[in-house]
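For the protein sequence lines, the chains are U and D, in the order given. Per our numbering, the very first residue in the first sequence carries number 1; after that it's consecutive. Per our numbering, the very first residue in the second sequence carries number 229; after that it's consecutive.
Among these hints, one or two may not hold up.
Short derived list, chain U residues pointing at chain D, Cβ under 10 Å [as the list claims (entries may be wrong)]:
{"id": "1", "residue": "2"}
{"id": "2", "residue": "21"}
{"id": "3", "residue": "23"}
{"id": "4", "residue": "28"}
{"id": "5", "residue": "30"}
{"id": "6", "residue": "37"}
{"id": "7", "residue": "43"}
{"id": "8", "residue": "45"}
{"id": "9", "residue": "116"}
{"id": "10", "residue": "126"}
{"id": "11", "residue": "196"}
{"id": "12", "residue": "202"}
{"id": "13", "residue": "210"}
{"id": "14", "residue": "211"}
Under the rule of at most 27 Å between Cα atoms (straight-line distance), these lysine-lysine pairs were calculated in the DSS-like manner [unchecked claim]:
{"id": "15", "chain 1": "D", "residue 1": "490", "chain 2": "U", "residue 2": "64"}
{"id": "16", "chain 1": "D", "residue 1": "490", "chain 2": "U", "residue 2": "72"}
{"id": "17", "chain 1": "U", "residue 1": "72", "chain 2": "U", "residue 2": "101"}
Cβ-to-Cβ under 7 Å is the rule here; a few derived chain U residues that face chain D [claimed, not checked]:
{"id": "18", "residue": "22"}
{"id": "19", "residue": "25"}
{"id": "20", "residue": "200"}
{"id": "21", "residue": "219"}
Source of the hints: derived by calculation from the structure; they are not laboratory data. For each residue, glycine too, the CB sits at the ideal point set by N, CA and C.
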Amino acid sequence: MKRELPLFLTAVIGLFMILSFFVPHQWVSVPADFLQVSAIIVVAFGYVLGGANVLRVNIDAIYKRIPGWPFKLVLIVGLVATLTIGAIEGPGFLNPGTRSKWIYNQLYSPMQATMFALLAFFIASAAFRAFRIRTVEAGLLAVAALLVMLGRVPVGNVVTQWLTGSLHGVIPEGLWNAIQIGSIQDWIMNVPQNAAKRAILIGAAFGVMATGLRVILGIERSYLSGED
Amino acid sequence: MGVPLRWFQARPSRRAVTWIVLALALVLAPPATRAQDAPPPAPPRGLVGADVPNDAGRAIDLWWTRSPDDMPGVQRVTRYFLERATSPSGPWAIVDSVGAGNESKVDQTVRRGVEYYYRVAAAGPGGITQALGIYGPVRATSQWLNRTRWSVLVFTLLFFSFVLYYIWSAQSGRKPFVRRIPGIDAIEEAIGRATEMGRSVLYVPGITDIDDIQTVAGLVILENVARLTARYETPITVPVTYPIPFTIAQEMVKSGYLNAGKPDQYDPNSVRFISPEQFAYVAAVGGIMMRDKPAAHIFMGAFFAESLLLAETGFATGAIQVAGTANVHQLPFFVVACDYTLIGEELYAASAYLSGDARLVGSLKGADLIKLVIIVTIVVGCGLESLGIHWLTQWMVTQ
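This is chain U alone, in the form it adopts within the complex (with noise of 0.2 Å):
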């Protein structure tokens, strides 16, 4: 039973669902509203365990002097204080003026700001690993995405514009317009970027259903834990 009941109510709701997309009526619609809105009810007591794993965790660290506890001991800090001042300014705690709209402004903001600023770097030691051409597909990579980056900046089209220029008027205006690297980088974003985009999205989209209906039929039941 204690297997059961959850498959059984798995495969109800999840197939409920499902049917909720193709049928629009109230006595189908509301009680699916309903239950998505549920799950916040859920997520609620799912943040008491968090922060309950969170302290564990991190205190038990401190208590056995593992190296590194001074940051878990500023992470306990932050946590309890920010919950605490939170707590005492009630509801309009993140209106303007508020300790925690400070907290909000001139800790975390900036902390998040410098982390995600970190982006740039990495993007750049990556890049420069991803564009070493030791194969023909690093090598084809490599010139697409120079011309790429060319075709999206303005000098890339000043650049082609005046290596062509002797040949606008003589050649075809189409054919000349098709050599210009913004109509290139176009071309690549648009038709071979694209395609293969849309078969892998294609491809996930079925891994999607399959493993939402492998739930629904209860094969794939590992999420319930306890022996096979």
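Mind docking chain D on chain U? Use the hints.
Showing chain D alone in chain U's frame:
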């Protein structure tokens, strides 16, 4: 040619000063003061309404003909106000408004089955003018079937039939062939390497909540990975973003250790709730990578801007990295920074591949067959469109 000096030296007459002051007052007066003189705009007309089809009876579509004063070159209308009542005699209440130039609006504040009357007013600097007539009664009703989703229904039923057939076929002993997926094979290799080095395995199940199926797929793979780490007696660390995936991840890891016959080795602290905030999570996972130096990093699930931050930090530590995601825009980052990458549907196939369960593998075969049907449909659709026949395309348009 210069301006005669006497023009400035001459004293202006009282009459001239009066005219100058009046002219300045007219130019500098606030628009509201002057608007009092402007006439109200001509009313809009032809208001018509209808129930929005294929919904649960929650909206009424309204459209009208613009006021003659709301045309190019004549801009005496600023907004249209929609008023609603349950009786032709009122009382009327404003339910919504749209800017000048608009001719339609969907009222999404209606109650199902209630009869409503509507009228529309044009407002401008000169005042508000009601429409000459009212429209009604109109009623929002719910439908039993969304007719724009016929094509989706057909393909869904077809897909389910294929999957069920192959599952049944696998159950009766015919296990379908599945090609080798190097990325999934690499997971065991990575765990083996971590075992040899005496270091841990880091498993990241994406950064989205459980409502994203990629997270579900990531968590299902986690159970298989935990089973392998339990078998090899290698510690595993699973940092999680949201509380619901966190509780499920705990169950998955526990289940993996149980199924490997080593429940006593399960460490409750191996699954850690970090934070739903994207970059706070990145900071924490980056810290785990740099401090604990896991020998294998496995990223399976939905990733966004943090994909490269995680994968590059992992690359810097020298760990073997296997990633899988269906987020197309993040795939290039993983391909560059990881040793193996599962692309799109391979992520969803991984749990079936790892478990070796014939029924799960059968579901993959069903997905392959529907893809063949889709490819044929696309080719036929391209042909029909080229011939100027549009019914297939129109049939597949959904709302």
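To see whether the hints hold, each was checked on the structure:
1. 2: Residue 2 (chain U) check fails; min Cβ-Cβ to chain D is 13 Å, beyond 10 Å.
2. 21: 7 Å, holds
3. 23: The hint holds - residue 23 (chain U) has a Cβ within 10 Å of chain D, the shortest such distance being about 6 Å.
4. 28: 8 Å, holds
5. 30: OK, holds: residue 30 (chain U) within 10 Å of chain D, min 7 Å.
6. 37: Status violated, d = 12 Å.
7. 43: This interface hint holds because 6 Å falls under the 10 Å limit.
8. 45: 8 Å, holds
9. 116: 6 Å, holds
10. 126: Holds, because the Cβ-Cβ distance from residue 126 (chain U) to chain D comes to roughly 5 Å (cut-off 10 Å).
11. 196: Holds, about 9 Å.
12. 202: 6 Å, holds
13. 210: 4 Å, holds
14. 211: OK, holds: residue 211 (chain U) within 10 Å of chain D, min 5 Å.
15. D:490 with U:64: 26 Å, holds
16. D:490 with U:72: 30 Å, violated
17. U:72 with U:101: 24 Å, holds
18. 22: 5 Å, holds
19. 25: 5 Å, holds
20. 200: 4 Å, holds
21. 219: With Cβ-Cβ at 5 Å, under 7 Å, it holds.
Hint violations for this structure: numbers 1, 6 and 16, all remaining hints satisfied.
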